[in-house]
Structures are given as structure tokens and as C-alpha cells.
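Engineer: Sequence:
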Amino acid sequence: VKPTDLPPLNRQNALEGVRVIDFTWIVAGPQCTRILGDFGAEVIKIESESNMDYTRGISPVMGTDSPNKSGLFNTLNRNKRSLTLNVMHPRGME
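Residue numbers (my numbering): -18 to 75.
It is worth saying that the hints were derived from the structure and are not from the lab.
Mixed in with the good hints, there may be bad ones.
Derived CB-CB ranges, DEER-like [to be verified]:
hint	residue 1	residue 2	range
1	Tyr35	Val1	27 to 33 Å
2	Gly38	Val68	18 to 24 Å
3	Arg0	Asn67	18 to 24 Å
4	Arg0	Arg72	16 to 22 Å
The calculated lysine to aspartate or glutamate pairs, modelled on EDC-like cross-linking and capped at a C-alpha distance of 16 Å, are [to be verified]:
hint	residue 1	residue 2
5	Lys61	Glu(-3)
6	Lys61	Glu23
7	Lys50	Asp19
8	Lys61	Asp19
Think of the CB as a built atom: it goes at the ideal place given N, C-alpha and C, for glycine as much as any other residue.
Please put together the full structure from these sequences, using the hints given.
Structural biologist: Below you can see the structure in the form of C-alpha cells.
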């Protein structure tokens, strides 16, 4: 079999229809869930307002403390939806 005889793989949508709830942080977990998103899964990242992902604080510019300017955080969390959730509040537990 020659490579030209094989049908093309549609890897981008291999996980279409799969929903992943992502409570991970730092690098390893977000990297894994990013890959799932790259393959078409719907990934929803959940963070606590009091304990946000550590990589948000790794700013590309010294002295900048915006949580949305970290290239590392943005790279690890592409193809994801995200929200903050207080799991100690009754509505957050729902």
C-alpha cells in the first residue's frame, strides 16, 4: 500500500462530540486537555477566582501583572472555554 492509496485522516475532529471538564493547572494537565481540544473535544476549563492557574502569572514582560498576558497560559489553554467557579457556594456546587 502506498501512502497515496490511503484515505486522509481527519484528526482535527476525532473527538468531536466529547466534552471535557478541565480542573487542571500549571503545565502537564493543561497540555493534555489542550491536545484533546486540538482533536475536536469541547474543553471547559474551570478555575477558582481565589486559586487561578499559576501560569497566568508568568508574564512575557517584567512588571506586568495582567492575568491574560501570559503566552504560556494562552498556549496551554487554546481551544478551550473557561470560567471561574466558587465551588464553596451552593450555586457553584450545582
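Engineer: Against each hint, give a clear statement of whether it holds in the structure.
Structural biologist: Going down the list of hints, with the structure as the test:
For the pair Tyr35 and Val1, the supplied restraint of 27 to 33 Å is violated, since their beta-carbon distance comes to about 20 Å. At roughly 22 Å, the beta carbons of Gly38 and Val68 sit within the given window of 18 to 24 Å. As the Cβ distance of Arg0 to Asn67 is approximately 22 Å, the hint placing it in 18 to 24 Å holds. Against the hinted window of 16 to 22 Å, the Cβ-Cβ separation of Arg0 and Arg72 comes to about 21 Å, which satisfies the hint.
Proposed proximity of Lys61 and Glu(-3) is supported: the alpha carbons are some 13 Å apart, at most 16 Å. Taking the CA atoms of Lys61 and Glu23, the gap is near 7 Å; set against the 16 Å cutoff, the hint holds. As the CA atoms of Lys50 and Asp19 are separated by approximately 21 Å, the hinted pair breaks the 16 Å bound. Taking the CA atoms of Lys61 and Asp19, the gap is near 9 Å; set against the 16 Å cutoff, the hint holds.
Hints 1 and 7, counting from the list given before, are not met by this structure.
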